[in-house]
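Construct the entire structure; sequences and hints are all you get.
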Amino acid sequence: MLNFDLAEEQQILRESVRDFAENEIKPIAEELDEKEEFSLDLVKKMAGMGLFGMFVSEEYGGIDAGYISYVIAVEELSRIDGSAAATVAAANSLGIGPIFYYGSEEQKQEWLPKLCTGETLASFGLTEPNAGSDAGATQTTAELKDGEWTINGSKIFITNSASPISGLIIVQAKTGVTSKGKNELSCILVPNDTPGVTAKEMHGKMMWRSSNTGELYFEDVRVPEKNLLGEKGTGFRQMLATLDRGRLAIAAMGLGGAQGAFELALTYSKERNQFGRTISSFQANAFKLADMAMEIEAARNLLYKACWLCDEGRPFSMEAAMAKLYCSEVMRRVVNEAVQIHGGYGLMREYQVERFFRDQKLLEIGEGTSEIQRIVIARKLGCFE
Amino acid sequence: MKIIVLLKRVPDTEARILINQEGTGIREDDIKFVINPYDEYAIEEGLRLKEKVGGDSKVTVVCIGSEESAELIRTALAMGADDAVHVCDPALKKPGPFTSGAILAKVLQDEGFDIVFCGKQAIDDDMAQVQAITAEILDIPQVNVAVVFEISDDHSSAVLNRRIEGGDERVETKLPVIISCEKGLNEPRYASLPGIMKAKKKEIRKKTLADLGFDSAPGGGRSEILKWFPLPKGGECKMVEAEEIKDAAAELVKLLREEAKVL
Chain H
47 MLNFDLAEEQ QILRESVRDF AENEIKPIAE ELDEKEEFSL DLVKKMAGMG
97 LFGMFVSEEY GGIDAGYISY VIAVEELSRI DGSAAATVAA ANSLGIGPIF
147 YYGSEEQKQE WLPKLCTGET LASFGLTEPN AGSDAGATQT TAELKDGEWT
197 INGSKIFITN SASPISGLII VQAKTGVTSK GKNELSCILV PNDTPGVTAK
247 EMHGKMMWRS SNTGELYFED VRVPEKNLLG EKGTGFRQML ATLDRGRLAI
297 AAMGLGGAQG AFELALTYSK ERNQFGRTIS SFQANAFKLA DMAMEIEAAR
347 NLLYKACWLC DEGRPFSMEA AMAKLYCSEV MRRVVNEAVQ IHGGYGLMRE
397 YQVERFFRDQ KLLEIGEGTS EIQRIVIARK LGCFE
Chain U
179 MKIIVLLKRV PDTEARILIN QEGTGIREDD IKFVINPYDE YAIEEGLRLK
229 EKVGGDSKVT VVCIGSEESA ELIRTALAMG ADDAVHVCDP ALKKPGPFTS
279 GAILAKVLQD EGFDIVFCGK QAIDDDMAQV QAITAEILDI PQVNVAVVFE
329 ISDDHSSAVL NRRIEGGDER VETKLPVIIS CEKGLNEPRY ASLPGIMKAK
379 KKEIRKKTLA DLGFDSAPGG GRSEILKWFP LPKGGECKMV EAEEIKDAAA
429 ELVKLLREEA KVL
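Taken in sequence, the protein lines are chains H and U. The first sequence runs 47 to 431 under our numbering. The second sequence runs 179 to 441 under our numbering.
Think of the hints as simulated: they come from the structure by calculation, not from any bench. Possibly wrong hints are sitting among the right ones.
Claimed, not checked - DSSO-like mimics (lysine-lysine), calculated; alpha carbons at most 27 angstroms apart, straight line:
1) U:K378 <-> H:K160
2) U:K376 <-> H:K351
3) U:K376 <-> U:K228
What the hints assert, rightly or not - Chain U stretches covered by chain H per the calculated footprint, using a threshold of three residues with CB under 8 angstroms from any CB of chain H:
4) 242 to 252
5) 361 to 374
Claimed, not checked - Quick list of the computed label-pair ranges, beta carbon to beta carbon:
6) U:K416 <-> H:L393: 28 to 36 angstroms
7) U:D207 <-> H:Q386: 26 to 34 angstroms
8) U:K271 <-> H:Q155: 51 to 59 angstroms
9) U:D207 <-> H:E277: 51 to 59 angstroms
10) U:D207 <-> H:P361: 32 to 40 angstroms
Each residue gets a CB set at the ideal place from its N, CA and C atoms; glycine is no exception.
Okay, structure coming up:
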């Protein structure tokens, strides 16, 4: 019964996305990173490949390819460039996902087709200046009056929220207080062009420099009551489930990034000569490369299993947290040694591995820090009962 | 318009090729296989022609190859081809050009066609003969090494540029015709993800030699590959080092006389 073969279409998909990333992204990645430039042209090309809406059913413009396929695509993009992968992962997991899973038929009809063609990007407004790991401490409020929500507050570090094609923000807001005295949270769809919305592109990032990151302000923003996503008070649950699935894509970024950095190190170590021989032939380096290959293999198996559980409709949130945690830490170890193998050249922009080194750090912080992942896993183990 | 594209599975251009111990072929267990790169231009040109002509035009991929070729045929379908014929028979281990030509001629006759695109050569054995043999058997024109292709308004003829030494040669041909494609003809598209999902439902018609009416592999016995062997390794390179250039020259002369024995 156990079978590690990918389906034929998944193998073709990997080859195709790999070719695309090598030919269309690799030549421009360094310059976009240097300039901190979000390329609309690249988004268009990625949309042309069908990279948006991969798990969405065909009736809404998706291709219904499932999570293993989605994760393979993100992995292959990350093997070349973290920023491009981040744009695709955030658009799918955080922009398209919540609408596809929790939206009303009307909301799905309105938004999914244009999100799946990539002409519009949706973002997930969760993190706030004072609500990071403590995501339930949302301070943004939404008040319902005369059939309209009035939203006030701010969000920070929101991927895909402040580009010229950012069209929709899924805002997590406090809509009341629960019977236990906690924040009642709900998600509300807020088009970027609603009066009172200000989206400011954030600059000066260490990583994902050619992805789009926004700081959002909501000042008496009014949207119709029907813009509520799902039921009132289910925002926190929607957020947790969205992050469970989102973790699969972040894990894929760790896996793909580790693979890319490993390949750079392997190639370099076979070409670089010191003391009259290739540096890969020194056991000190050969063992590093062997360890990298082993950890990447283990990471891939863990992640694909989590995706398989998800595609099978089984519980997968613990495995998703494990995969996200493990893949991002494997990438940390791999990029660290990959730079080491490159020596002085590894510190230079021109040698690419430097970008992988910077891009990695986000993976231990975004969509739940490594510490939060450990809490998720430990909670499943019953440690806190 | 009925468009046919010929496809062959070959080792990746970047694969490290090693000859097997018996010298009868290459070691295949550890290398990646791809669509012959020149065939990708053929697929793209077929798809562009279909898009241009429209109507009930159809692109059919034809491939002779092992079971493993199926994934690459599926890739061509994911790029946009409509269906495929996969000639797969245990009796066809390594078909020579006459065998392939005879089989392809039969498949093309059975399928019917207006135009056939293929790569100018396969990058594995570099024979570059199959298109010519197929065209001769079918007694139709062939235009090889095409870098420009233009169909006439009434779709009965085409004008092409052939890449020749130092320039291009402009050629006009009637249809039906077999055209072999050179790099530069077009930029092949990627298989998009929606294309990949659609390709799952497209038909690959598998044919054995018996299905095509052959008792055994046709066209054999003309030539036989005796042995494969790698090129001998290049000699060792020795660097001459000295503080003064004239000392280096003296050392070089000494080496050429005493070690290389060429002076």
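Taking the hints in turn, this is what the structure says about them:
1. U:K378 <-> H:K160: 25 angstroms, holds
2. U:K376 <-> H:K351: 25 angstroms, holds
3. U:K376 <-> U:K228: 18 angstroms, holds
4. 242 to 252: The restraint on the segment 242 to 252 of chain U holds, since 3 of its residues have a Cβ under 8 angstroms from chain H and three suffice.
5. 361 to 374: With 7 residues closer than 8 angstroms to chain H, the segment 361 to 374 of chain U meets the three-residue bar; holds.
6. U:K416 <-> H:L393: 28 to 36 angstroms: Holds - the Cβ-Cβ distance for K416 (chain U) and L393 (chain H), about 35 angstroms, lies within 28 to 36 angstroms.
7. U:D207 <-> H:Q386: 26 to 34 angstroms: Between D207 (chain U) and Q386 (chain H), where Cβ atoms are some 33 angstroms apart, the hint holds.
8. U:K271 <-> H:Q155: 51 to 59 angstroms: 55 angstroms, holds
9. U:D207 <-> H:E277: 51 to 59 angstroms: 56 angstroms, holds
10. U:D207 <-> H:P361: 32 to 40 angstroms: Cβ of D207 (chain U) to Cβ of P361 (chain H): about 39 angstroms, so the range 32 to 40 angstroms holds.
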